[in-house]
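In case you want the letters, here they are:
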Amino acid sequence: MPSGIKDKVVILGAGCSRFGERWDCEAADLMAEAFEECLQDAGIEKKQIEAAWQATGIDAFNVGAGALPLSMALRLPNIPVSRVENYCASGTEAFRAATYAVASGACDIALALGFEKLKDVGYGGLPQRTRGLTNDLFFPNLSAPGAFALLAAGYRAKYGIDKQDLKRAMAHVSVKSHANGAKNPKAHLRNAVSEERVLNAPLIADPIGLFDCCGVSDGAACAIVTTPEIARSLGKKDLVSVKALQLCTSNGEEGGYDRWDGSYIHTTRIAARRAYEEAGIQKPLSEISMTEVHDCFSITELVTMEDLQLSEAGGAVKDVLDGVYDADGKIPCQIDGGLKCFGHPIGASGLRMIYEMYLQLNGRAGERQLPDPRIGLTHNLGGFPYQNVASISIIGRHGI
Amino acid sequence: MEPVKTEIGITAYGAYLPRLRLQKQAIADANAWFDSSLKGLAKGEKTMCNWDEDTITMAVEACSDCLGREPLQEHAALIMASSSMPFLDRQNSVVVAEALNLNTSGLRTMDVASSQRAATSGLLSALDIAAAGRGDAVLVASEHRRTRCASREEMLYGDGAAAVAVGTDGVLAEYVAGYSQAIDFVDHYRSDGKDFDYGWEERWIRDEGLMKIIPKAVESLLKNAGVRAEEIAHFVVPTEHAAVPAKLAKVLGIREEAAADNLLQSVGLAGAAQPILLLAHRLEQAAPGDLILVVGFGQGCDVLLFRATDAVQKQRPTLGVSGNLSLGRPESNYNKFQSFNNLLEKDLGKRAEMDKQAYLSVIYRNKGLVNSFIGGRCTACDTVQMPKHKYCVNPECGAYDAQVDHPMAGKKGHVATWTADRLTFDYNPPAYFGLVVFEGGGRFLMDMTEVDPENFDTGAEVSVHFRIKQIDSQRGFRKYFWKAIPAQ
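Protein chains in written order, with my numbering: chain E, 1 to 400; chain L, 1 to 488.
The reader is advised that the hints may include incorrect statements.
Quick list of in silico lysine-lysine cross-link-like pairs, DSSO-like style, CA-CA up to 30 Å [unchecked claim]:
| # | chain 1 | residue 1 | chain 2 | residue 2 |
| --- | --- | --- | --- | --- |
| 1 | L | K194 | E | K119 |
| 2 | E | K119 | L | K346 |
| 3 | E | K8 | E | K158 |
| 4 | L | K388 | E | K158 |
| 5 | L | K356 | E | K158 |
| 6 | E | K158 | L | K411 |
Covered stretches of chain E (chain L as the covering partner; in silico rule of three or more C-beta atoms under 8 Å from a C-beta of chain L) [what the hints assert, rightly or not]:
| # | region |
| --- | --- |
| 7 | 101-110 |
| 8 | 123-131 |
| 9 | 152-164 |
FYI, nobody ran anything at the bench for these hints, they're computed from the structure. Everything numeric in this text was worked out from a predicted model, so none of it was measured. The beta-carbon is built from N, C-alpha and C at its ideal position, and this holds for glycine as well.
Just chain E, same shape as in the assembly (with noise of 0.2 Å):
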């Protein structure tokens, strides 16, 4: 059993510049933008970071391949820097590598970087795209929300739950984020919206309506990472470390094999497992003061509260409606807004959701700053609810 990344690595400082249509902006403009709030924050000197990673989830439409953006738009001093891309949960495998950079003791200080630049395609909703050769040959005609609603008619089926309970359940999701974004200045989208709204909007791909896709988005969202001693040796005090990272990837399983019945992520089950141990949370329902999940679509926030062991299977529709995960709530989840209101700009996302953790953990999250969080669970997805890749990271106050 490996000791995990418990308490080795500390954030040492985080930005995120404002997500949403930022049309005046090159992506370098939004990096940069991320990166002077993050360098301040940390208080160091561009010329201290021995390695960065970049995380960007499209490339074709965005800066192209390689790290070269990144090195580009800061003027990084010639040090090590790649591109890691994992579908939606690129941000967290950057952060995952500059992390377990400073663990093995290959650098001191590191850099994580996600952005994408998604809104010059000349549509709304993610850029058409193919997904590999071969895979075009059969792969459903899908759009992402198409993908995730295969989950609402998986989870329906298991549980017997009427088509209307379950829309009222997600709505109530989508409403929660809206009025927790209208709180957050950085947050694409600002405006709380009703119930009823939500439930009368337009339809995108059944049973998911307008107001159950999160924004896709401009932006971008950075941390710098540290060992617990260097930080101490900068003069900062009250740290914030990494408790546990978690990634876990599907197989093929799901969408080959007799077992997964569409109700639920397999590897999202998968990595909150690893993650809780390398943490060593036992109670995750008690321990868990927060969290930012997926919710790309609403009905992939309802069934990760499961896959969380925060709701009881079957239990996320009430819990849901009960305001369990409100922001007043007893474990808040999405309190900036989430990818729905916050947006989703696919390579800042991960690191957006840390940021977040990190603003909270030092209660500097204003007026969408939660009472005394102690743990905060990050939850970062990518690709289809039946071959996907799931990272968790657990983010808490140092020594706790």
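Could you slot chain L onto chain E? The hints should help.
What follows is chain L alone, placed relative to chain E:
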């Protein structure tokens, strides 16, 4: 021209009609302001291909109806007849053969085109192959012609396919005699690079063509076969002229009631497929001993005479023409018909602009899955999986290189989860897809088509069908793959 030995004949037949049935009144309503004469043709309905159907996909369905879905069937030949094949240079019948997962070693394939009698000529060749002792031969005729807006053809033409297998075992209709006459009578034509037919006055076609060429050919055949006209029980003459079959019967001395219903108000005129479709329809109704005379007309005339055997009432297709007729779904959206046939410059949206290049080497490597819907079965643990893979998907097994081909095209499945996607580009939105779990093992995330939204949810039974997956209009290619269709 000699009467052939009687042991050769039709051993099986089948048909396919697209489920969509365009109401002819809808065409007339849209166009009568321009040509009021169209109102006179606005009776009944006509079959209409969905956007993802063409002569290849319909041929596969008709052959499946005729032959069943048993994989690796041995046939000597597969002949496809059509005047609207999707490929001018890529043998269409080979695609059909692979979609049927026939044993293609030693299989002779052939496309017969360029005439409305392509199918009857193809059938004569199939009979020759069987008569030569080479084995069973299959003839499939399929048609999907495009027509100009507000044309007579638009009112008249329907889409469909029919197949017959000929051989010596289990003959349900003996081949009695055949006769052919070639003559360059051009009632209409479609030349290279043109999308639409150009035709001549219908009165001339009737009086100088049908009424003169067909009687001569029929008389020659009957004389040679030693059969009297009044003995004919079923007289198949595919033509848009509703009154002509009865008129011809009268001229020839054939009983008037023998003249077959041309299905003009339920199918329309399915071009080269029409004689075989009508033959199939008559076989469904024939009694043992009935003589069936089939005419193919186009730049001459083919005439074939069959005699039904006792087997005709036992060896039935899965659906046949009657079964297909009963599966129709009325469609009164004329715009949809025009869109599916690419007759409009339609704004398909930017998502439709994605490059759909066909990577031929990739398709070839994957043709087992793509053309034949073949998966893998692990010889170590028996797990069926799709696609076939180097490692077994069963997490408790994971055996390497242990899978054998496992044909899945005939399997039934149930929908485990699904959605109707309105964001992704589809010619017929919303795009239905979902996870299909197959009886006997295996599952696949796949597109669905012909879904009736009122009667569809998780648990629905489906079968899989060869359909168009994508059209690369830039380069003129179309990709095919398998889609799930809910059982009706």
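Assertion that chain L covers the region 101-110 of chain E - criterion: three or more residues, beta-carbon distance below 8 Å: violated (count 0)
K356(L) paired with K158(E) [C-alpha distance capped at 30 Å]: violated, 37 Å
Pair hint K388(L) and K158(E), alpha-carbon separation not exceeding 30 Å: Holds. K388(L) to K158(E) sits at ~28 Å (cutoff 30 Å).
Given pair status - K158(E), K8(E), alpha carbons within 30 Å: Violated, at about 41 Å.
Holds or violated: K119(E) to K346(L), with C-alpha atoms at most 30 Å apart: The hint holds at about 25 Å.
Given coverage of the region 152-164 of chain E by chain L, tested with a Cβ cutoff of 8 Å and a minimum of 3 residues: Our answer is that it holds, as 5 residues pass the Cβ test (under 8 Å) against chain L, meeting three.
Outcome, coverage of the region 123-131 of chain E by chain L - at least 3 residues whose beta-carbon is closer than 8 Å to one in that chain: holds (count 5)
Agreement of K194(L) and K119(E) with the hint, judged by alpha carbon distance not exceeding 30 Å: violated, 42 Å
Satisfaction of hint between K411(L) and K158(E), Cα-Cα up to 30 Å: Answer holds: K158(E) to K411(L) is near 24 Å, not above 30 Å.
Of the numbered hints listed earlier, those contradicted by the structure are 1, 3, 5, 7.
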